[in-house]
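Enquirer: Listed here are the chains, written in short residue letters.
2 protein chains.
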Amino acid sequence: MSPQIEMHPQRWGDPAAATSLPETARGLIELAFGITEHPMLAGSTPPAPVIGAAALAALEGVVGVEHVLVDDATRALRTRGKSTTDLLKARSGDLSDAPDVVVRPADQAEIEALLAVAASHRLAVVPFGGGTSVTGGLVAARAAYAAVVSLDLVRMKRLLGVDEESMTATLEPGLRGPEAEALLAEHGMTLGHFPQSFEFATVGGFAATRSSGQSSAGYGRFDALVVALTVVTPSGTITVGSAPANAAGPDLRQVFLGSEGTLGVITSVTVRVRRQPVVKEYVGWRWPSFAAGADAMRTLAQEGLLPTVIRLSDEAETAINLADPSSIGGAGDPGCLMITGFEGTQSAVAAKRAALTSLLTDLHGVDLGEEPGLSWVHGRFNAPYLRDSMLDVGVLVETLETATFWSNRERLYADVKAALESTLGEGAIVLCHISHVYETGCSLYFTVAAKEAADPLAQWATAKTAASDAMIAAGATITHHHAVGTDHKPWFEQEIGPVGVQVLRAIKASLDPAGILNPGVLI
Amino acid sequence: MSPQIEMHPQRWGDPAAATSLPETARGLIELAFGITEHPMLAGSTPPAPVIGAAALAALEGVVGVEHVLVDDATRALRTRGKSTTDLLKARSGDLSDAPDVVVRPADQAEIEALLAVAASHRLAVVPFGGGTSVTGGLVAARAAYAAVVSLDLVRMKRLLGVDEESMTATLEPGLRGPEAEALLAEHGMTLGHFPQSFEFATVGGFAATRSSGQSSAGYGRFDALVVALTVVTPSGTITVGSAPANAAGPDLRQVFLGSEGTLGVITSVTVRVRRQPVVKEYVGWRWPSFAAGADAMRTLAQEGLLPTVIRLSDEAETAINLADPSSIGGAGDPGCLMITGFEGTQSAVAAKRAALTSLLTDLHGVDLGEEPGLSWVHGRFNAPYLRDSMLDVGVLVETLETATFWSNRERLYADVKAALESTLGEGAIVLCHISHVYETGCSLYFTVAAKEAADPLAQWATAKTAASDAMIAAGATITHHHAVGTDHKPWFEQEIGPVGVQVLRAIKASLDPAGILNPGVLI
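Those protein sequences? They're chains A and B, same order as listed. The first sequence begins at 1 in the numbering used here and counts up one residue at a time. The second sequence begins at 1 in the numbering used here and counts up one residue at a time.
Worth flagging that the hints you see were computed from the coordinates, not collected in a lab. One or more hints might be untrue.
When chains are identical, the list treats them as one kind, so a pair holds in a single copy or across two.
[Stated by the list, open to error] Restricting the straight-line Cα-Cα distance to at most 20 Å, the calculated cross-link-like pairs of lysine to any residue (SDA-like) are: (1) Lys451 / Met40; (2) Lys489 / Thr239; (3) Lys508 / Gly497; (4) Lys280 / Glu303; (5) Lys508 / Pro498; (6) Lys451 / Ala466; (7) Lys508 / Ser235.
Everything numeric in this text was worked out from a predicted model, so none of it was measured.
Extracted from the complex, chain A is given alone in its bound form (with noise of 0.2 Å):
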């Protein structure tokens, strides 16, 4: 196995695939906010690590000794995850949540020894995938625990097995997405899991976190995807998932999907695949307004017509995004530019596009073709990169994300617009896109940028707070497909209410009676 590209500690991604800012935008943000240059600190290094020699020891029993690395690079790597939060403290040489040591194991076997080692060397376990998570769900509360290990699963990257005439794939929970798409085109499958993390999230956070990806209207949300899995739990060993659906208890399934490393550590998943698709068709459409396009797509979904991919840009994102407004085919107010993908076989993509347009034309959208689709998919996984170069000249900038039934639509993204809008600051920008659709409701997806206050954490945490209260007052979840981690969990506990934070906490007391798997996230 070569070894993996390593997303830099404070920036995103592969730092040889990120570009510099491009000269419109950074002409766009001199206008808006003026330019501040704000180098990163380099050359900062983690805590010196906290372990006893004797657990140590034991981790080295478990995996050898080339497996447990303390160094201090492979410390920072192993830092938060890549919330602006997270990158705003990396940045100014702030590690200060480095895990003590990296454990690196190579099979189940393995972690359910660690786990073992782990309790009674009262060691806090952090499962790292690929390190992406915008929530805090990599921050273990150190206080009560004599080390904290990051459990990197980088060595589980093996396809287990394929059923072709099942059509479901069993994975490691190491693999990117990028590698897990490349064994299953092998078979000619695919998961059809894309998130904007796809080059770096492991198909184990990817579970951990019910994660949602672009494509997730055609292939299903990642949780919809899952038949079964196997998770290590420091009470043993558990496989859930022996139908496509049953009547047999609660689906525990659903039980471990979103537990974010606090009940055990997920070392097989098994996930429904799809064909290769032979042909893929991206089609933009322009809107008079936001609520025409929600309108819309509520249509779609509501008909049984949704396509592969579809997302709707409010007013001020479609303007933001598109520099030049001709481009999306008309001058003055380009409306909202709503994506449109297709993927499947010659006839499925031909059949759901003619229905689709007819549907939409009947609605009044306006057909732009593909150039707008295209220009959609080339850019789709950049978003991270341009958040750091704007982070480079004093713009802070992050997303959030809520859902709710269409119903509240209106007023949910009204309150969270306004709570943002009002905290960030004078000239502050907030841009919004509906980036998933159900029969009953849909996700909005935020992105902000102002210029960046002279304590920049605090001033996005009250940002944040006043959207996630928005949120919770409006009835909406705290998140779609961001997952709880850290930064969450307030909101979350209002989320489910006492009695769910009371079930959660007697599977965890079951499960992790030391409480040793990533402390203080979720519950």
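Assemble chain B onto chain A, guided by the hints.
Expert: Just chain B now, kept in the frame of chain A:
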């Protein structure tokens, strides 16, 4: 509210609706098993109720004296469910599992108060909806309790709300299938949930048992229809489901769905609904073999072309169901009958039916037109009545079901069929159909008929055990849509394993520390 039709304590459904055995069926039975009249023991009564005066007074204090019933007739009607084992016991006069008292709360607040009374007086509480359980879900383990209370939800039959934009509706648990449909029809909506028990089963029961209906290919299993639910537990009341989909931790809806009254009493269910279909068309198809028909179903599911209804009988079931084989379009070998059904708008039905016809014709299926489909629709809820008529003449009839992935279908079918045939005695008939279809697999629904042995309870127990062992040995689920109850417990525990059992026990112990809810069922 006019009183609803009660089921007969020893038979299925409405005695007025039951028809006697058709002459053709009687002839077939005479030929296969001989006719032996087995009349029910009339006039049997349940044991006298045992409940303390203080407990009774406390129950009356909550719901009013008129809603606390201890008379024999009411208690007989709340004794067990409608499995063949239940019926055989009731027919022989054994009503030993009768509850001591039947309590009928008006609303959620009364249920909260009732659970408090039950905990303080150590009363076992059995939530009761339609009484249609076929897995012993209404038989509480009474040994450790002062009395057994049947908590009858018959007074909770309101449509609490409709959201026409989000296409959701909130229903009370006591609504029977037709009652829920009638209320939704006033808004032009349908739930689309039609299990064989539809006429008597309730919304609360659908949720508590993860019911699946005859149209679930099109409308979705009941657990997939639920967007939110409210559950009263002894530790407090919880509402789960804040968005169409979310990443806020484990999906707690899926903990209460399938919990069979052991974790709480479901007091409202918010479901996804659809517009009333304008057109309903049902079409029969003939396949040369069960395997060929199953392959066609798999292709439809994996191509995303499932109709609203789809089911496929094996050779034996096809032959038996059609006393005149010519009715499915050919003399001699009838092959296997598939029923497809299409519901929706005129254009959607036409498009879906055309696509299906094209694909199934390519696969060498024979289109039998609408007659076999209409015949199936006509009799779709009648099988349980027929079972009573068969029991009357000494023929043991029962059903069981399971599900697995496509690649395991043939093995599961062969093993369960062999287990039943080898244990039910000379000349036993074993029929099977695929009742539900998914991209990754399907369910198998078996119906058996055998000459009653001297001890028919033991006869069935032996066959059921052999079939259940075969399911678990094949890695399939012990139940696709009949739930666990008490009958499936030993195999359910094998299916989810010791860690799964531990998780369920931890939740149960936390929410119901006194263990008053449906003791002995599921967990």
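Enquirer: Each hint should be assessed against the structure and marked as holding or not.
Expert: Okay, the hints, checked on the actual structure:
In the homo-oligomer, the alpha carbons of Lys451 and Met40 lie at most 20 Å apart inside one protomer (17 Å), although the nearest pairing across protomers, at 83 Å, exceeds that limit. Taking the closest pair of Cα atoms, Lys489 and Thr239 come within 20 Å of each other only across two copies (18 Å); inside a single copy the shortest separation is 28 Å, beyond that limit. Within a single copy, Lys508 and Gly497 get their C-alpha atoms as close as 17 Å, and across copies as close as 18 Å, so both meet the 20 Å cut-off. For the homomeric pair Lys280 and Glu303, the shortest alpha-carbon distance between copies (16 Å) is at most 20 Å, but the shortest distance inside one copy (22 Å) is not.
With identical chains, the CA atoms of Lys508 and Pro498 are at most 20 Å apart both within one copy (15 Å) and between copies (16 Å). Within a single copy, Lys451 and Ala466 get their C-alpha atoms as close as 18 Å, which meets the 20 Å cut-off; across copies the closest is 71 Å, which misses it. Taking CA atoms no more than 20 Å apart as the test, Lys508 paired with Ser235 passes in both settings, with 10 Å inside one copy and 18 Å between copies.
The structure is consistent with each of the numbered hints, conforming to all of them.
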